[in-house]
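Engineer: Letter by letter, the chains look like this.
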Amino acid sequence: MTDFERHQYDVVVIGSGGAGLRAAIAAREAGKKTAVVCKSLFGKAHTVMAEGGIAASMGNVNDNDNWQVHFRDTMRGGKFMNNYRMAELHAKEAPDRVWELEEWGALFDRTPDGKISQRNFGGHEYPRLAHVGDRTGLELIRTLQQKIVSLQQQDEKDLGDAEAMLKVFAECTITDLLLDDEPGKGKIAGAFGYYRETGRFVVFDTAAVVVATGGIGKSFKVTSNSWEYTGDGLALAMRAGGTVLNMEFIQFHPTGMVWPLSVKGILVTESVRGDGGILKNSEGKRFMFDYIPDVFKAKYATTEEEGDRWYTDPDNNLRPPELLPRDEVARAINSEVKAGRGSPHGGVFLDIASRKSPDVIRKKLPSMYHQFKELADVDITVEPMEVGPTCHYVMGGIEVDPDTGASPSVQGLFSAGEASGGMHGSNRLGGNSLSDLLVFGRRAGLGASAYVEGLGGNKPTAKEEDITKAADRAQAPFTHEGGENPYTLHQELQQTMNDLVGIIRTDAEIKEALKRIEVLKGRIANMTVEGHRQFNPGWHLALDLQSMIIVSECVAKAALTRTESRGGHTREDFPTMESDWRVVNLICSLHGNDIEIVKQPLPIMTNELLSLFEHSELEKYLAIDELKDHPEAKR
Amino acid sequence: MAYDASFRVWRGNTNGGELTNYKVSVNEGEVVLDIIHRLQQTQTPDLAVRWNCKAGKCGSCSAEVNGKPALLCMTRMNTFTEDETVTVTPLRTFPVIKDLVTDVSFNYQKAREIPSFTPPEGLKPGEYRMQQVDVERSQEFRKCIECFLCQDVCHVIRDHEDNKPAFSGPRFFIRQAELDMHPLDTASRKRDAQEKHGIGLCNITKCCTEVCPEHIKITDNAIIPMKERVADAKYDPLRWLGAKIRGRQPGDVE
Ligand SMILES: Cc1cc2nc3c(=O)[nH]c(=O)nc-3n(C[C@H](O)[C@H](O)[C@H](O)COP(=O)(O)OP(=O)(O)OC[C@H]3O[C@@H](n4cnc5c(N)ncnc54)[C@H](O)[C@@H]3O)c2cc1C
Ligand code: SF4
Ligand code: SF4
Ligand code: FES
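Here the protein sequences line up with chains A and B, keeping their order. Per the working numbering, the first sequence starts with residue 18, numbered consecutively. Per the working numbering, the second sequence starts with residue 758, numbered consecutively.
FYI, nobody ran anything at the bench for these hints, they're computed from the structure. Heads up, some of the hints might be wrong.
In silico PhoX-like pairs for lysine-lysine, Cα to Cα no more than 25 Å straight-line [claimed, not checked]:
1. K202(A) to K616(A)
2. K184(A) to K921(B)
3. K881(B) to K109(A)
4. K867(B) to K390(A)
5. K900(B) to K390(A)
6. K921(B) to K963(B)
7. K174(A) to K953(B)
8. K867(B) to K174(A)
9. K881(B) to K132(A)
10. K355(A) to K373(A)
11. K297(A) to K202(A)
Only some residues are given here: those of chain B computed to face chain A with a beta carbon under 7 Å [what the hints assert, rightly or not]:
12. Q798
13. N823
14. M831
15. G883
Residues from chain B that face chain A, not an exhaustive set, calculated with beta carbons under 8 Å [what the hints assert, rightly or not]:
16. K811
17. T836
18. F837
19. T838
20. R849
21. P852
22. K867
23. R869
24. Y885
25. E903
From the three backbone atoms N, C-alpha and C, an ideal C-beta is built for every residue, glycine too.
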């Protein structure tokens, strides 16, 4: 029998990013004994990297803003494929979630009248992103971290033990969820994992798990994401019988660094454009004016002069097309480079130097200044940056109930944040993730607490043989002989996804990717790891790869199935958006070793929400019979 | 431009270890973390190192390069000559776990000993009003990425394990300064810094400021003002009491 440590909790939150920490705070405040488990040190989750800001219609800078406008922008950004209820809750609750951060010690940049300042971002009609320079994610994570510490300080006072009710298990990776029955039938009964430091196994007995494990970008070669983004949470949920949706929708952020090679993919925040930065090709042309799609024609400036006037007089001018939603800008850059008008290292130029004074640039974009100076020897106050698309965010994720974060297929399974899907439809607007983390993190924490409450004394118990199985699975890479090393396999997977299921896709290429994934599956099952379990990165990667391969297959299969182009899914062979496809969610589930995909109808927006849009706009996205109850419907 | 570099990396665990020599290729534009990753991929798959963002934002990859505390992801290889041997060792102030990974739990313990932000009673979320000039001082300290390089370099605890219980270190002096200078914090931070966190042991060598990758002026902007104010607070109980009762107004601290 393998040796392991065992703990009992009411709620176990996997992930200590914005979503996980907010969920843990909610569960603890609901009186539940809560554990937070995460792969990195406390305070270092991926959220720390977020730069530009957090979207909430507080209306501090332009008081025309309100939740309805935010809702409309979010739906437009997602090309009307968002789960409407999530988009509604998000738009309504985001301001409260931002304001409570101030109560916990956050210090946002201010407006002249002392309120939280808000900045412009792509796809947002009004200045909406609360921010701290370009390090908003750091502020968010530190604030939540310090809130957790304050709850622990309270417990220390009241109960004599700071960790009595809320404990962080840092550098601990969950590799399996435990059920009380077969996947498909069983309820959540626990979670199994290992401490990275020692390799020692650990079992959490718990009736409710909140998966807040973030995204999947590490399956792609060029990405802004860190090593944590291996899609573990999605794979955990699927192995337990859960479903994931919309996996074909991957956001390629238009502006990642392209040079030097070793930093290729690292993000250049959209705030550069929000604050006045413009995109140029090698001929010096502001090419975005050539790429305004019809659905956005009425909303964007058609001349440079008007676009420039907008920065100072937004009420009387249209915004420049550099601020189109990310999918549009990423595709435009891709086309310019393909047409031979790229920069020396295969990107385009992002110029803030000619637009703002060095002082303003250093003040508003300190991390970008720093990042280019130290990593690329480029002074962004005098030279343009070279940028190109980078894999940034996955819109798809675990299928959840909008109000509670509960999985519809596995009792006791909850999810929030980037790991969950639906909220952003086919494309996420900048700033809408950080707000999503807080709104739905809180809801999932409350949902999990209510579920545990409802169980009363009837807590499911994990099957002992499943614990043994989980331990065997985790140790398997040490027992194989002569297999390949995980680093090689990882590189091959990244190259495959990047080249064949990247920003522009075709039937033939996706099929080729699926063939390679099938072969990689076998090779991954046999890979070999050297050394011992104590802090062994080779072993860690070997286990992470097992998640990445599942998630990659979901992405490829969904991308093959959806024969249209929409948001973060562009098919060269099906280049247009089809209203028939708008109403279809693609749902992936795991059966043995294979991914099955089914079509499921998208929830239908209420008429009340539909009425927030003009009929003429909806016609561009919806089929005409979907609009028959709209107030302006022609009878 | 690619060349083979000589690296010496500390390999070992709690039972001890040694510097091990490697030859490893280096390409244009790379940082030390890239080279460590190449070692993992090609020669030493189990070499332990922490990292996350690879962009100087998370503070995970702290170690010592040629004896100097640094972020591995922000140390460019072109700062060394091609024939120079680059030595990478774990942070010295904290106990080693394995290779370049150390046990930094000391810092999380100290963090828990500082009372949290304490807003005025009755102030509702959404009603906070603060001027940019007043939040800027604290914002400087909130740039901290908790890399703990300042903690590592500080001689008070670097070579004196016995000082650790009484001394929280520069990271936590800026945390206290941050709260002290927060326009709406109502708690008393000054006495704590002196009596519970050992700010008096700091003799202003400024080593912490020099290594801070966020360029936070730890000594000038946090430690020195906190020392001065601690003195004020200690020797002028009436003023301290007054500040407590009124809640500090922005600007009345100097
Ligand atoms: C460079 C960059 C800039 C961005 N800027 C913005 C922005 O300005 N505005 C915005 O709204 N969004 C932004 N985003 C997106 C946003 O930051 C992320 O979507 C968001 O932070 C995800 O948060 P999360 O809570 O879902 O997960 P994360 O913060 O990623 O946390 C995931 C957690 O899960 C843990 N975990 C994962 N797997 C396991 C496992 N198997 N066992 C245990 N723990 C596990 C990890 O250790 C980590 O703690 C940006 C993203 C990037 C990459
Ligand atoms: S200035 Fe003080 S805190 Fe900083 S390193 Fe020197 S002694 Fe330590
Ligand atoms: S103050 Fe600077 S050196 Fe110290 S932990 Fe923070 S970022 Fe690192
Ligand atoms: S890896 Fe994040 S600071 Fe170096």
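Engineer: It remains to establish, for every hint, whether it holds in the given structure.
Structural biologist: Hints, one by one, checked against the model:
1. Between the alpha carbons of K202(A) and K616(A) the distance comes to roughly 22 Å, so the proposed pair stays at or under 25 Å and holds.
2. Between K184(A) and K921(B) the alpha-carbon distance is near 24 Å, which keeps this suggested pair within the 25 Å criterion.
3. For the hint pairing K881(B) with K109(A), the CA-to-CA distance comes to about 18 Å; that is within 25 Å, so the pair holds.
4. Straight-line distance between C-alpha atoms of K867(B) and K390(A) comes to about 34 Å, which puts the hinted pair past the 25 Å bound.
5. The straight-line distance between the Cα atoms of K900(B) and K390(A) is roughly 18 Å, inside the 25 Å bound, and the hint therefore holds.
6. The suggested pairing of K921(B) with K963(B) holds, with an alpha-carbon distance near 19 Å, which does not exceed 25 Å.
7. A threshold of 25 Å between alpha carbons decides the hint, and for K174(A) with K953(B) the separation of about 17 Å falls inside it, so the pair holds.
8. About 16 Å separates the Cα atoms of K867(B) and K174(A), which keeps this hinted pair within 25 Å; it holds.
9. Between K881(B) and K132(A) the alpha-carbon distance is near 13 Å, which keeps this suggested pair within the 25 Å criterion.
10. At most 25 Å may separate the alpha-carbon atoms for a hinted pair to count; K355(A) and K373(A) exceed this at roughly 30 Å.
11. Only pairs whose Cα atoms come within 25 Å are accepted, and K297(A) paired with K202(A) is rejected, the gap being roughly 55 Å.
12. For Q798(B), the suggested interface contact is upheld, since its CB lies about 4 Å from the closest CB of chain A, less than 7 Å.
13. About 18 Å separates the beta-carbon of N823(B) from the nearest beta-carbon of chain A, more than 7 Å, and the hint is not met.
14. A hinted interface residue such as M831(B) counts as satisfied when its beta carbon comes closer than 7 Å to some beta carbon of chain A; here the least separation is about 6 Å, so the hint holds.
15. The interface hint given for G883(B) holds, since its Cβ lies 4 Å from the closest Cβ of chain A, which is under the 7 Å cut-off.
16. At a threshold of 8 Å, the smallest CB-CB gap from K811(B) to chain A is about 7 Å, leaving the interface hint in force.
17. The interface hint given for T836(B) is violated, since its Cβ lies 11 Å from the closest Cβ of chain A, which is over the 8 Å cut-off.
18. Restraint check, F837(B) versus chain A: the minimum CB separation of about 15 Å is more than 8 Å; hint violated.
19. Hint status for T838(B): violated, given a least beta-carbon distance of 17 Å to chain A, over 8 Å.
20. Evaluation of the R849(B) hint against chain A yields a violated restraint, the C-beta minimum of about 18 Å exceeding 8 Å.
21. Interface hint status for P852(B): violated, as the beta-carbon distance to the closest one in chain A is roughly 11 Å, over 8 Å.
22. With its C-beta approaching chain A no nearer than about 11 Å, K867(B) sits outside the 8 Å limit, and its interface hint is violated.
23. For R869(B), the suggested interface contact is upheld, since its CB lies about 6 Å from the closest CB of chain A, less than 8 Å.
24. With 8 Å as the threshold, the beta carbon of Y885(B) comes within range of chain A, its nearest partner Cβ sitting at about 5 Å, so the hint holds.
25. Evaluation of the E903(B) hint against chain A yields a held restraint, the C-beta minimum of about 6 Å falling below 8 Å.
This entry does not satisfy hints 4, 10, 11, 13, 17, 18, 19, 20, 21 and 22, going by the numbered hints stated previously.
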